[in-house]
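**Q** The lines below spell out each chain.
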Amino acid sequence: DAGITQSPRHKVTETGTPVTLRCHQTENHRYMYWYRQDPGHGLRLIHYSYGVKDTDKGEVSDGYSVSRSKTEDFLLTLESATSSQTSVYFCAISVDPGYEQYFGPGTRLTVT
Amino acid sequence: GENVEQHPSTLSVQEGDSAVIKCTYSDSASNYFPWYKQELGKRPQLIIDIRSNVGEKKDQRIAVTLNKTAKHFSLHITETQPEDSAVYFCAASKKGSGNTPLVFGKGTRLSVIA
Chain A
1 DAGITQSPRH KVTETGTPVT LRCHQTENHR YMYWYRQDPG HGLRLIHYSY
51 GVKDTDKGEV SDGYSVSRSK TEDFLLTLES ATSSQTSVYF CAISVDPGYE
101 QYFGPGTRLT VT
Chain B
1001 GENVEQHPST LSVQEGDSAV IKCTYSDSAS NYFPWYKQEL GKRPQLIIDI
1051 RSNVGEKKDQ RIAVTLNKTA KHFSLHITET QPEDSAVYFC AASKKGSGNT
1101 PLVFGKGTRL SVIA
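Chains as they are written, first to last, in my numbering: chain A, 1 to 112; chain B, 1001 to 1114.
Relax, there's no trap hidden among the hints.
Chain B regions said to be covered by chain A (calculated; three or more residues, Cβ under 8 Å):
1) 1026 to 1034
2) 1042 to 1056
3) 1081 to 1095
4) 1105 to 1113
Calculated Cβ distances over 12 Å to all of chain A for the following chain B residues:
5) K1022
6) Q1060
7) R1061
8) N1067
Simulated from the structure, these hints should not be mistaken for lab results.
Ideal Cβ placement from N, Cα and C applies to all residues, glycine included.
Chain B with its partners taken away, still in its complex shape:
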């Protein structure tokens, strides 16, 4: 089955700097890659996702890139702000391939230092 590895497990950046979180996946048939943000004491919420027919997607200060050949995808946050401090999870799944659920990485705790 699918295995998703996420790095780093913790990340500290200065406010205004960029942050990059990387994930690798094992199943080359995976075609959907979402990223979730979980603030302290809250539920995980989707912030951006990408499908395998797209190499990059941007939404204001966040972007996700996908390299299907290398089977890895990354989350990029530019001009970080204190409110970006949270735990971020990547995940992978296959649309249209039965009932196999999303497989999550173990998360990255991002701290933005003011």
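With the rest of the complex left out, here is chain A:
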């Protein structure tokens, strides 16, 4: 597996609390992505980054923000978690959108 880690791997939180998920890579890839995966919906892109401080929205960005202050780290923040954000979150990296994406191990988030 490519050098991608996600933390935490599991988290249970209450509605209304802020949550930050971290993705860390050791591959020096320019592009980083956050997806959520829910049954019946496949992989849905939340936000992505094409460089330090360069980010853009995906198809399901409402309620999420991201930051990338270093090449190796991409943070996903839920400002005020809701039950609809209960999901498995995957980070991915690539050298270019037209090349393979490598996925992290995922974070299972439960919002009660």
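Following the hints, position chain B against chain A.
**A** For chain B alone, kept in the frame of chain A given last:
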């Protein structure tokens, strides 16, 4: 923007039979088409990919075919085995066309029955 449709959503085959999963895409400028396999509880992993300058690519029991005119591509798995049971995702993107990310299909759950 790009839209990728994947069919079927579920597929059951007998061990040893072949399985075919089909995807269509909307953007004729797309030129990179990967397939990912996701086993239960695991991360998606690339199993094969094809670029638009190639019509077919094989890797042991798996193959991908691309029809640019019809804008569809397919994954073929021959001599299926129980370990092929997983969710498979197709995707499409454009290399060298800015930052536009991969667009994924919604996935196909393949069950290989022993």
